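Asker: From just these sequences and the hints, can you work out the full model?
These protein sequence lines are chains A and B, in that order. Using the numbering used here, read the first sequence as starting at 1 and increasing by one per residue. Using the numbering used here, read the second sequence as starting at 1001 and increasing by one per residue.
The reader is advised that the hints may include incorrect statements.
Claimed, not checked - Here are some chain B residues pointing at chain A (derived, C-beta under 10 Å):
{"#": "1", "residue": "L1011"}
{"#": "2", "residue": "K1049"}
{"#": "3", "residue": "T1058"}
{"#": "4", "residue": "P1068"}
{"#": "5", "residue": "M1071"}
{"#": "6", "residue": "V1111"}
Treat the hints as calculated values from the structure; they're not laboratory data. Computed from a prediction, not measured in an experiment: that's the story for all the values here. Ideal Cβ positions, reconstructed from N, Cα and C, are used throughout, including at glycine.
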Amino acid sequence: MGLIQREIEKAGIPTVGVSIIREYSEKVQPPRTVFVKWPFGHPLGEPGNARQQRTVVLEALKALYTISTPGEIITLPFRWRRHDYSAYVEPGPLVPRGGE
Amino acid sequence: MSITSRLKNRLIAKVITRYPGLAQRFITAYEPWESGEPIPWTPPRKPLKACKLALVTTSGVHHVSQTPFDMQDSEGDPSFRVIDGATIGEDYRITHDYYDHSDAEKDLNIVLPIDRLRELQQEGVIGQLAESHYSFMGHIDGRHIATLIGTTARQVADRLRRDGVDLVLLTPA
Chain A
1 MGLIQREIEK AGIPTVGVSI IREYSEKVQP PRTVFVKWPF GHPLGEPGNA RQQRTVVLEA
61 LKALYTISTP GEIITLPFRW RRHDYSAYVE PGPLVPRGGE
Chain B
1001 MSITSRLKNR LIAKVITRYP GLAQRFITAY EPWESGEPIP WTPPRKPLKA CKLALVTTSG
1061 VHHVSQTPFD MQDSEGDPSF RVIDGATIGE DYRITHDYYD HSDAEKDLNI VLPIDRLREL
1121 QQEGVIGQLA ESHYSFMGHI DGRHIATLIG TTARQVADRL RRDGVDLVLL TPA
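Answerer: Here it is as structure tokens:
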């Protein structure tokens, strides 16, 4: 996935990827990554858990705007099946660094 | 690839999804390709609420009517499928022997979060959701890596630009 991500970024479109295998992301070095230590086949979480899926999507989008070092991997603090997403605070409006 | 090795791949996929600790030896056995080139970098230019966003996945999702990914080739299938965001929720199939997709068959959003993005668009958090999204099968190896980097990934990048996409979220399996 990281190889595809690099090609899209190279073509001039900013990208962020969700990773479930940190080792691969470290080797392939896509521009921006959020990592979850979750089972294969579940990058956005569990079936039917919309709040969990939304949280991962929002964290990925936040990383797209906040990561300033190419290749950075942000580890998300969510433990598999043991996290209460009701306390999650959603990011405010996301804007390019240095304003619009 | 023989039917036996396909069944073996599927069994391994089920076991390592259930017991992630066992996945480690498969992870260390597979050496992902390293380019050695600098990391490409394009900073976002517009606020999220003004951006058009598309999804690219390597989870092997495709429409029922589309040709499934080739699971016979042990080096994978570097081709891609164009996903129609408006209909994929009601009409999808997952062709991928290398992970257990029984949960993704119950809820597509755990690999392709199309409903979550549509909600965020309706709330005005993101400007627009692209009509077309792009799907690969991942697990590309050997000779197909060059095809992926040199041809198909580039074709998808060109399509995304033609679609006027500002940001891309990538999801694996």
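Asker: A separate judgement is required for each hint: does it hold in the structure or not?
Answerer: Going through the hints against the structure:
1. L1011: violated (14 Å)
2. K1049: At 6 Å from the nearest chain A Cβ, K1049/B passes the 10 Å test, so the hint holds.
3. T1058: Because about 4 Å separates T1058/B from the closest Cβ in chain A, which is inside the 10 Å limit, the hint holds.
4. P1068: Since the shortest Cβ distance to chain A is 17 Å, the answer is violated.
5. M1071: violated (16 Å)
6. V1111: This interface hint holds because 6 Å falls under the 10 Å limit.
Consistency note: the structure conflicts with the earlier hints numbered 1, 4, 5.
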